[in-house]
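> Here is how the chains run, residue by residue.
There are 2 protein chains.
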Amino acid sequence: MPEPARKRRPYAPRVPMVERREQLLDAALTIIDRDGYDGVSIDAVAREVGVTRPVVYGAFDGLGPLLTTLLDRQQERALTQLFAALPLDAAGDDPVAVVERAVPALHAMVLADPVTWRAILASPVTVPDVVRERIEGDRERVRAVIEQLVAGVLGEPADAEVLSHGILALLDHFGRLVLADPGRFTAERLTGVIGSLTKAWFA
Amino acid sequence: MPEPARKRRPYAPRVPMVERREQLLDAALTIIDRDGYDGVSIDAVAREVGVTRPVVYGAFDGLGPLLTTLLDRQQERALTQLFAALPLDAAGDDPVAVVERAVPALHAMVLADPVTWRAILASPVTVPDVVRERIEGDRERVRAVIEQLVAGVLGEPADAEVLSHGILALLDHFGRLVLADPGRFTAERLTGVIGSLTKAWFA
DNA sequence: TCCATTTACTACAGTTGTGTAGCATTCTAG
DNA sequence: CTAGAATGCTACACAACTGTAGTAAATGGA
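Keeping their order, the protein sequence lines are chains A and B.
So the first sequence is residues 44 to 246, counted in our numbering.
So the second sequence is residues 44 to 246, counted in our numbering.
No lab work stands behind these hints, which were simulated from the structure alone.
Backbone N, C-alpha and C define an ideal beta-carbon position, used for all residues, glycine too.
Hints are not guaranteed to be accurate.
Computed footprint of chain B on chain A, listed as stretches where at least three residues anywhere in the stretch have a Cβ under 8 Å from a Cβ of chain B [said to hold, decoys possible]:
no., stretch
1, 62-76
2, 196-209
If you want the ones that stay clear, here's a sample from chain B, every Cβ over 10 Å from chain A, calculated [claimed, not checked]:
no., residue
3, Tyr54
4, Arg64
5, Asp86
6, Pro108
7, Arg116
8, Leu131
9, Asp137
10, Pro157
11, Ala187
12, Val205
13, His208
14, His216
15, Leu220
16, Arg232
17, Ser239
18, Ala246
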């Protein structure tokens with residue numbers, strides 16, 4: 044009989060480069076959200092999109108560059124959201140009032156874009172080096188901002204560095220709680236606890 | 044010419060099973076500390092010890108069982124250390140005094156066995172499932188203890204659940220700071236900040 | 001000493017992932 | 001309607017890791 048003509052893989056819809064790159068970045072983000080950073084690979088991204096690996100190599104030089112580009116995108120999204128929610132100009136205001144506006148804002152921010160925030164809050168330690176360095180750099184920048192705020196409000200005697208580390212760790216973890224169980228950890232409860240702490244400090 | 048008789052790998056010193064198992068667990072822990080959880084593999088463990096893979100398979104059924112056994116060991120070490128440092132019987136005491144004893148004790152504990160604590164504090168999220176589940180389970184148990192403490196000391200009005208999450212997140216993060224830069228984050232500074240917070244709360 | 005046991009090694013087959021070269025298809029402009 | 005550019009696919013050569021079957025060396029007791 045004639046060769047059964049081994050079936051050729053059906054062509055995936057053709058997509059122009061610029062669009063393809065966005066699509067691949069989205070796929071990578073989806074994988075990170077679903078399977079964690081361990082799950083991301085050129086292979087996985089290609090499969091997620093339904094194309095073969097050479098297509099991915101056509102758009103990016105490898106996994107590193109792909110992730111770097113993804114981070115550029117996510118970094119901008121995240122920092123924009125964050126500095127919109129944080130009360131950066133509140134140097135002179137009543138700290139309790141500031142907290143009671145900021146915490147619900149952060150709560151809403153995280154829930155409004157859970158994929159972005161899960162990728163950032165989910166453990167900046169055991170992830171690819173490109174990713175870890177980037178997230179830690181941004182984190183440090185945010186912490187420095189908090190340190191300035193704390194120092195401004197509390198003045199000399201306070202250990203602003205350690206305090207800012209503590210505050211950021213608290214916010215990080217509360218963010219994770221919200222993502223893990225939004226029904227249980229509501230804006231009210233979180234605001235309540237952080238507000239009480241702030242009130243106590245300034246009483 | 045006669046076959047050069049391909050060189051056979053020199054025999055590693057023979058070691059009885061029981062001892063070999065311990066040695067392999069130590070090697071795995073070393074790798075985790077040095078390269079993160081991503082670096083652990085049967086292959087890596089074998090190389091670290093200087094034997095071939097079948098030796099490892101002779102001692103454990105695979106990476107999963109090996110890690111499980113390692114966790115049994117580390118779990119015991121960690122919980123023993125932790126409950127020795129935590130003031131579990133301090134229900135009635137002055138909270139500030141309790142904190143000012145507990146924080147330096149925890150600080151010393153972490154620095155006394157950094158390898159154990161780095162493996163636990165280094166982000167229980169993107170790690171192998173066996174590991175993550177175990178660490179999260181223990182973490183939750185510790186948090187429940189803290190929640191009881193908080194509820195006992197503060198009574199009804201406080202949100203003990205959220206507070207206990209916050210406290211544990213703070214302790215975790217301070218632990219990481221100490222491991223990352225012991226010279227900078229001293230027991231005095233950490234005790235200072237946590238002590239001030241406690242004082243403020245009870246003032 | 002010699003044999004049985006214990007321990008270690010070699011070799012092979014399979015899996016998943018990387019990265020590249022060359023061919024096939026589709027689309028578009030003229 | 002026909003190039004040629006753009007896009008996708010196949011196929012191959014590697015590399016790192018898993019798991020196992022069979023073989024070789026060391027060790028200790030009869």
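> Going back to the hint list, which numbers does this structure go against?
Structure breaks hints 1, 12, 13, 14, 15, 16, 17, 18.
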